[in-house]
Structures are given as structure tokens and as C-alpha cells.
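So the protein sequences, as listed, match chains A, B, C and D. So for the first sequence, the numbering used here puts the first residue at 1; every next one is plus one. So for the second sequence, the numbering used here puts the first residue at 1; every next one is plus one. So for the third sequence, the numbering used here puts the first residue at 1; every next one is plus one. So for the fourth sequence, the numbering used here puts the first residue at 1; every next one is plus one.
You can trust all of the hints, since none of them are fake.
With a straight-line cut-off of 16 Å between C-alpha atoms, the simulated EDC-like cross-links for lysine to aspartate or glutamate are:
hint: 1; chain 1: A; residue 1: K41; chain 2: B; residue 2: D71
hint: 2; chain 1: A; residue 1: K24; chain 2: B; residue 2: E46
hint: 3; chain 1: D; residue 1: K356; chain 2: D; residue 2: E343
hint: 4; chain 1: A; residue 1: K27; chain 2: B; residue 2: E57
hint: 5; chain 1: B; residue 1: K27; chain 2: A; residue 2: E57
hint: 6; chain 1: A; residue 1: K3; chain 2: A; residue 2: E75
Here are a few chain D residues that face chain C, going by a calculated C-beta distance under 10 Å:
hint: 7; residue: D244
hint: 8; residue: R247
hint: 9; residue: P654
Hints listed in this document are in silico derivations from the structure and should not be mistaken for laboratory results. By construction, the Cβ of each residue, glycine as well, lies at the ideal position given by its N, Cα and C atoms.
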Amino acid sequence: MPKVIVTVMPKPSVLDPQGVATAKLMKQSGLAGVGRVRVGKSIEIEFESTPDAAKLEGVARDLLSNPVIEDFRIETLP
Amino acid sequence: MPKVIVTVMPKPSVLDPQGVATAKLMKQSGLAGVGRVRVGKSIEIEFESTPDAAKLEGVARDLLSNPVIEDFRIETLP
Amino acid sequence: MKVGVVRFPGSNCDQDCVVALSQFPGMSAEILWHKEDTVAGFDAIILPGGFSYGDYLRCGVSARFSPVMGAVKDFAAAGGPVLGVCNGFQILCESGLLPGALVRNRDLRFICEHTHLRVERTDTPFTRAASSGQILRIPIAHGEGCYFADNDTLRDLREHGQVLLRYSDERGYLSQETNPNGSRDNIAGICNRERNVFGLMPHPERACDPLLGSTDGRVIFQSLLS
Amino acid sequence: MTPEVTPEIVAKHGLSPEEYARIESILGRAPNFTELGVFSVMWSEHCSYKNSRPELRKFPTEGTRVLVKAGEENAGVIDIGDGWAVAFKIESHNHPSAVEPFQGAATGVGGIIRDIFTMGARPVFSMNSLRFGDIRGEEGAANRRLFAGVVAGIAHYGNCIGIPTIGGEVYFDDSYAGNPLVNAFCLGILRHEQIARGAATGVGNPVFYVGAETGRDGLAGAAFASRDLTEESKEDRPAVQVGDPFREKLLLEACLELLASGCVAGIQDMGAAGLTCSTCETASRGGTGVEIDTEKVPKRETGMTPYEILLSESQERMLVIVKKGQEGQVKEIFEKWDLPYSEVGVVNDDGLMRVKEGGRVVVEIPARALADEAPVYVREAAPKPPPHPSDSKKLLADIPEPDAAGIHSALETLLKFPSIASKRWVWRQYDHMVRLGAAVLPGSDAAVFIVREANKILAATTDCNALYCRQDPREGARIAVAEAARNLACSGAVPLAVTDNLNFGNPYRPENFLQLREAVEGLAEACRQLGVPVTGGNVSLYNESPSGAIDPTPTVGMVGLIEDAAHITTQAFQNPGDVIFLLGSPGSEIGASHYLLAVHERKAGAPPALDFSREMAVHEALRTLIRKGMVRSAHDCSEGGLAVALAESCLAGPAPLGATISLLPDTTERTDVMLFNESQSRVIISVPEDHADKVSELLSECGIPWTRLGTVTDQPSLNIRLRKDAEYSWNTEHLQHLWNNTIEEIMEG
Ligand SMILES: Nc1ncnc2c1ncn2[C@@H]1O[C@H](COP(=O)(O)OP(=O)(O)O)[C@@H](O)[C@H]1O
Ligand SMILES: [Mg+2]
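Could you put together the complete structure from these sequences and hints?
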């Protein structure tokens, strides 16, 4: 069964208050060296059959993310 | 500059209504073969220095995820 | 009785709690700033609703680093009554003062509406003025109020009588239809084993004035007083 | 290196050659690239109202209660007695919401909230007026996504910041497909002496920046809002900003604390056109100059140019002019609330907006020229088209009079028409109960809110029937004001003042400009007639999608005062046995009705005609009865006419009640016209049985037509008898299900 992970992240220039807050929390909990943090979504999809790559790409771009403010990447696990 | 990605996913025993809704939307948009979908968080951390592995693990377990409801995995990018 | 209502950055029901509490003779309420590291002088503490620290990453998680929470933990450990409403309940779970967690509502949407609650236990400082099985009409307003705990924890909660409120219909029946957010076991509010820390998602402070359609929330504060 | 200013660059900034020439004459030289950017945003439609300003002057703005007039500050301020005042305003965020519905709507809410607390007022509630394309069926998918995203965005921002969203309106019509309208309203409360000014006064006073760090987001959104939405708009996409309601909550608390401290000489939010707008506007209002240094501006990205910094529309930022010597106290407050801040400049007396990058001057422009001397155009209006027919008989000539089954299904069709169906799915997502003020929950004619700190009860509503405006913008606008006042009267309130949001198409098309002009004149006349001043508002033009301009939508927000909690009235029937009256005449105008739209799929005919003296007499009669404690419920007849109004009064309670109605006219009117006409100035009330005779007597004294319609029953059945041979009956439990669940089923199905 193929498994796909689509990761959706805020674009670099877009405000990510969640990332900023998370960086602060990590520092507060005593972890040294934390720089910039961004928080996005990880979407794990199990497929019953190998998905059509072009269609998957389309769905990731238009449905799973909003290209106005987010980037995405697709990873296919064996 | 080392970069770490912590992926936080809902535990299998926890309901994931967002995953269910996402699966439905993906099917509606005509993508064939979509099975189970889970939605979690992807946290990308840039470090200014190599982080202490044990400490990072602790932070991922207690802060970035809530062990009652979530699992996590850590990936270090070169 | 002097009640401290904690104001975290992002709290937004703090003032409402003060307004509601000040209607009770014998009760006075004061705002407690999150940077305070003591709660000395207070007889009870309320963690109010809102979005503490923006509720980023997870609801209620950031409060664990606030100075006041250290003091609240000590206060609770010494047996002082602590009431967490909505975001306050989330904070209590994230800080380990109550078991379980609150996750996204079943239908993924924020819900603001009146609900009916069945009082399950009256042997606590928060419900002793109620009668067992009493039905309260109190509103909820949350996006992440679905109570989750694993099976062992749930069994534990039941065995020790820690479930204080369940979402029901107006006659006290429980079903998935009367469960607004998908909480396990229709749980709306629980206490710790020592019974002095109570968290609930509904807002009793919004049900204290007849002009707002219900005064059923008063019984919670009345209990604290008696 | 900044680009050279070429004619292409000028055109890209949306400035005409004439405007460019004017810039050169103001400066006495050519502008540099950064200055060009500054002019382009300040002279955009969104900031300068260059195409609408002459029209806006037609509004009545004076009134005994007016403390701050329209146009003077960020929002008007109205006295509500005992030293208390309200500041309120409505503002659009249509274009950003079209490309990113969640963030677009959220930042729209954030922007209007800032406008209110900039006035020194504590925001106490919000409303919103929304328009989307049809959400039904497969073709509705894109509109559903916009609708869901906008509602979630409004909910996210409002719920998080803790300002209840207590009302609004939502309509669905294909003219808004791809160009939704998102108009956000906010009201705040303040003491008279707390009114804050957006003026840079006191030469030598330091200028502080406080709030979120500046990023490249939302670059030149004001210019973006001043263009048509076309396929190319996709390239404008980075113009969408992401909001942080948590930051805004801190900013709100800090600013109110700051204003209370007495350290502030002037304060201005950074909304459209960001730092540019706030610096030149404060200087212009103060009759001073302001100098700032972009190197001192807190930034969240590296390598930003002065151009980018000045034009950024990053959210949750304020400009504060501090009284010299009190900087320490100000810093303490910012630090208490964990807000980034920086002293970025100083007030001086040269009348210039001067921007430096370190030592280098990058912008030097007379502030007044930028803020107040934008070009003003009187656009060409098309000649008025002939009016649409108003005769119901003609309009229905090719539609046979429905039989009983047809009438039965027509009411069902209307109740589940998305624009009429209950909006519970929407307001359930809004925290409407925070602040302990919502004395009337969403879903009645007007929202009613207890302002505890002032011990006052306010009522508020937003209204606009754009179908009326499409058929006759002037009459439609008059009706929007009348309907808003009627909704307030139904809740027991007396209207205080109006804010308006003019949503129209591209003003360069004469037929669109005609609509704008007609609507403004209609609004102005209605406000004069009803004696309510306009305290401010917003203009959104260029609302067009590939299929053409939207239906003209001059949204009216109106606020009223309820003298006594005992006067609070809702639309739901309360008690079986109560007697139902109709205030106003039975009516007969079917033009531009929702009956024609929903049942017969026609946008046809002239809207009903409004008679102001009748309208006001009905409101007065209603308020008289309410003050005497005789009214259990009141609901106006609007879309769908009498039948829909009666049904809604049956359905609005938790469990539906029934009603038995007989309306036996001496006319030969068609049954569909009797039930569904939308003649104006009509209200349905229910009164306790033992007051019924007294109510009849009082109504006769008021000199308005009225009819005793029937009684409220405890049976779940709405029975209407029009003639011996025309009796209809609906199960109200079934109607309630349709009305309550239609939108939810469309959205979640
Ligand atoms: N439709 C309108 N009716 C009345 N006044 C308006 C209208 N549109 C804008 N105004 C007024 O013009 C002034 C400038 O508005 P605006 O540019 O929207 O303010 P802001 O700078 O807060 O965006 C405000 O005082 C506003 O109330
Ligand atoms: Mg403004």
C-alpha cells in the first residue's frame, strides 16, 4: 500500500505566529540554539492503489494548501 | 546550520476528524484510491548550533507533542 | 471569600468571571496577573476562558511557563480550590493538574451555544450546592473542547467519581446527539482525585444573569462559597 | 538600488499621467521610486476616495449626539448619555477575502477593531455583512469554500480576541461569484473625555511604533483593493496578509492602558497603506510634519527597502505620538504587554512627511498633499434607465396563480432559500456570548447588547437588499436605511446613527457610477428623513468578476439605544393564545421580491415603494406599544413577505409554535401576491390576549393601517386562511427543520 506524506508549510515571507510562539516555548524549556521555527501541516495519506502523480500534485496545490500563503512538498514512501 | 523536522501525529487511537474530512475532500476532488488520512503538524526548526539530542527528544515528547494524544518523530537534516 | 481570576495574555473571559462573581454576597474577585509568582491571600483560583498566549502549538500549553502557574500548582497541592473554565480546563490538562486532553471538536468547527449538563457528583467544593442528577443549562464556546483520555484513564475517572458534568438533553439523557463536540463519555467537566481541582468546558459565568437567558451557572459559584 | 521612475513604472502604480504631473508640481521635481510608491497608495481609491468623495459629501453628518463627525477621525463618535459614547464603523475586505478567504476575512475583522480602539474606545461587539455566489449544487463548490473560509476567519479573529460577533447578514447570489463581499463592523464604548485623536501634535514629541514587526506581507494592499479582480490578480497574491489576533489583543489592552495614562498626544492605527498612511495622516491632521527613520522600524525580515517598509500592510501595528518626557511610562506599558516597540521619529513643524534610512532622506513630501489633496474626480454617470415595471399583475402575467400545493411549496422554497434560511450554521461559529452582553442571541431582527460598564443597552443591525438596489439603486438604498431602522424598532430601540459600506463595480463604467450616485442619494435622503446622521463608512469599488459587476450593495449598519431592559423584544412568538397583529397595510407589490427570485428564478420588476411618513408612523406605534409593555414579539416583513415573517416568528423559538391566521381582504388580489409581496413598513407583533382590545384602540389612534391577523397556538401548525377557498396549513416542525438545517446540510453534506 503506497503511503504519501504531503507537508504544507507557510511561505517564507508569510507571518507564522505559531512558529514564533513555538520557538519561544522551546527556548523557555531550556533547549539551546533554537533559531527560526515554522509550523505547518503534515498530511499522511494511505492509498489503496498507486495515485496518479499529476492529480496528486493538483490536489496538494489546490486543496491541501493555498498557494497564496503556503508551499507544499510531496514525499512518497515505498 | 542544522535543521530539524519534528512531525507530530495524532495517535492511532485518537479520533482525527480533520483526517476524515480531508480524505473526503480528496475523494470528492476525483483522486482515486485514497484510503486513511491523518493530519498532524510539521515543525521545522533551524538551530544555530547542533542541539543536544537527548534534550531535543525531551522537548519533542513533552512540549511539541502531548503524549496523551500524539506521537512524534524527529528527522535531522544535514 | 476572595477569588483570584488569573489574567494570562489572551485571556478574554477574565472580566466576565469578575462580573459574575461580584454578584454573590460574601465573594470578591480580583484579577491576578500572569507574571505574579504568588497567589497568597486568595481562597480560590479561577483560570478563565480565552486564548492564553494565543493558544499556539496547542491550547493551554504555553501557560505552563508562566510564573503564576507555579504558584497555582502549589496552591492546588495544598488543597486550595482551583476552577478552570474552557481555556482554563485546557491549561489544567496541559499542566498535568487534570488527566486527559482536549482536542478539536468532532465537526471541526467552533461551537457557541447553550448546552444541557447533568450533574454527576455533588461531593466536591464546586458542585455541592447542586443536587445529583440536576440538569443545568449553560453555554459552551470552544473549538477544541472534545475531551479525550485513554480507556484506563476513563475507567479511573469513573471509579473515583471524578466526572462531575456530562452533556445531556434537557431531561438528563445522554446520547451522541446531546454531545456537542464528541467528548468521550459525554464528559463536560472533571475533577482531580483530591476533588479540589475542577475543569469544565461550559461557561458558568455566562449563566448567572437572567437577562442572558439562564442562571444555572450560579450553582457552581454558590458551591464554592458554601 | 531603487528602480528608475519610468512611464511604465508610473502606470504599474496605477497613477495616470495627469496624476503624475500633479505629483511633480507638488514636489517641484520628479519623485523617486519610493515617493512614487507612497503617492500611489495614498492616492488609491481605497485611501483617497478619489472617485467617490464628491458623492459622500451628500450624507447628513450633523446631529445633537454627534461628538466626532464622519471623516474627522478613524470612526465617528456618538453620545449615548450619562457621559458615555459609542464609536462604530464598517469596513470592507472584499478583495483579500476573494483570494484567501480565511485570512482575508480575519484581517478585515482585525482592521476594523483597530479603527475602533484607536479612537480610545473599548471594542464591545462586532457584526458582519457578507455576500457570496450561490452555494448550492456542484457549481457552488467554489462559493462554499469561500463562504466556509470567510466565516471561519471571522470566527477565528473575533473569538480569539474576545469581542463577541453578535449579528450581521449573509446573502447568496450569482452576481457575487468569485467576488464575495466581506464587510466587518465593530462598535466600541468610551467616556466623552476619552476620545483619542489621530493627530501628530506637539513639535518635538517622539513618534513610537508599537506592535507586530513589519514584513513583506500585504505589500500595497490598498492599491490592490482599488483594481478589478481579474485573472491577473493571482499575481497580486502576496498582497494577502496573515493576522495574529493574539497580538492584536495585547495591542488593544496596551493602547487602552496607554490612552488612560495621559501620555499620548495622538494615535493612529496602521491599516491600509500602513506606515505611509499613518504618518502622513497624523501630520496632516495635526498641521505638523512627521519624520521617521526606517532603520528603527522593527522588522521580521532582513533586507527590506524603505519602499517595502513604507508600503507593507503587516497587521497589528500602531503609531503613537507620545508627549515628550513621558517616554518611560509608555515603554513600561509596552513591556508589560510584551509588545515590540521602537521610537521611530519625531513631530516637527515643517509640514513634511520625511522618511530617512539612517542618515539618508528617502522621502520628503508635503503631508497634507498626500493625505488630503488627492485628485478628486466626478465620474461620468450613465443616463438613468427607464424604471422597471411595478404593477404586480403585469409582472405575473405569464405566471399562473398557484394552486394550494403551489402555495404550500412556495413557502418551503422560500424558507430554504439560502439567503432566507436561518444562519445558525454561521453564528454558532462566532462566540457571541463573551462579555456577558448578548441579551438577544443572533437570529432576531437586531442584535441587542448590554454594555455593562456603561449600564446601557444597545441594538444594532446591518441591512441591504441588493436585489432592490439592482432594480432601483435609489429606492433600494432608501429601503436599506428604513429596514435597518425598522429592525431596531422591532427590538425596542430608537436609532442613533448610521455607518455605511458602499460596495459597487468599477466606477469608470458610467452605469456603475450611476448606481453609486443613486444609492448615495437614496441613503442620504433616508437618513435625513429618519433623522439619523451618517458617522462614517467605507467605499469598495471594482467589485467585479469575469462575469461583470456585482449587484450594487450599499450596506447599512445602524445602532440604536434601548431605554429599559423591559423593552427588549425579539421576533419569536412567545406564548400560545397571544393575538397577532399586522402593523401596516397588507400590501401588493411583488416586484424585485424573493418570491419571484426563489420560486420563479427572476430578478424582475421595481422594488416596493417606500413612504417615509408611513414608515416612521409604524415605528412610533410599535415603540409606543413596546413601552407600554404590551408586545411579546415583533418582526418586520422583509424578503418573502408576510408568509415568511409569520413562519419565522413561529420557528425562531427553541420549539416551534403555531399560528392561526385569517387575512380576508376585500380585494381580488392573487393569493401569491397576498402572501409573498414585499410592500414596506410592515411589522408583525404578538400581544397578550387581554391587551388585544387596548392594542387595537392604540393602533387606531396612531393613524396607521393595521389588521388583527389571528392567534399564536401551541400546535405545530401554521394555518393561513385568505378566502373561503384558499386555506393553507404547514407543519411548523417541518418548516423549522428546513429553515434551520438547509445551510448546514449544504455546507456539511
Ligand atoms: N461610505 C461612506 N460614508 C461615509 N463616510 C465614509 C464612507 N466611506 C468612507 N467614509 C469616511 O471617510 C473617512 C476615511 O475612511 P477610510 O479611509 O476608510 O478610513 P481608514 O483610514 O480607517 O481606512 C472615514 O472617516 C470614513 O468614515
Ligand atoms: Mg483607520
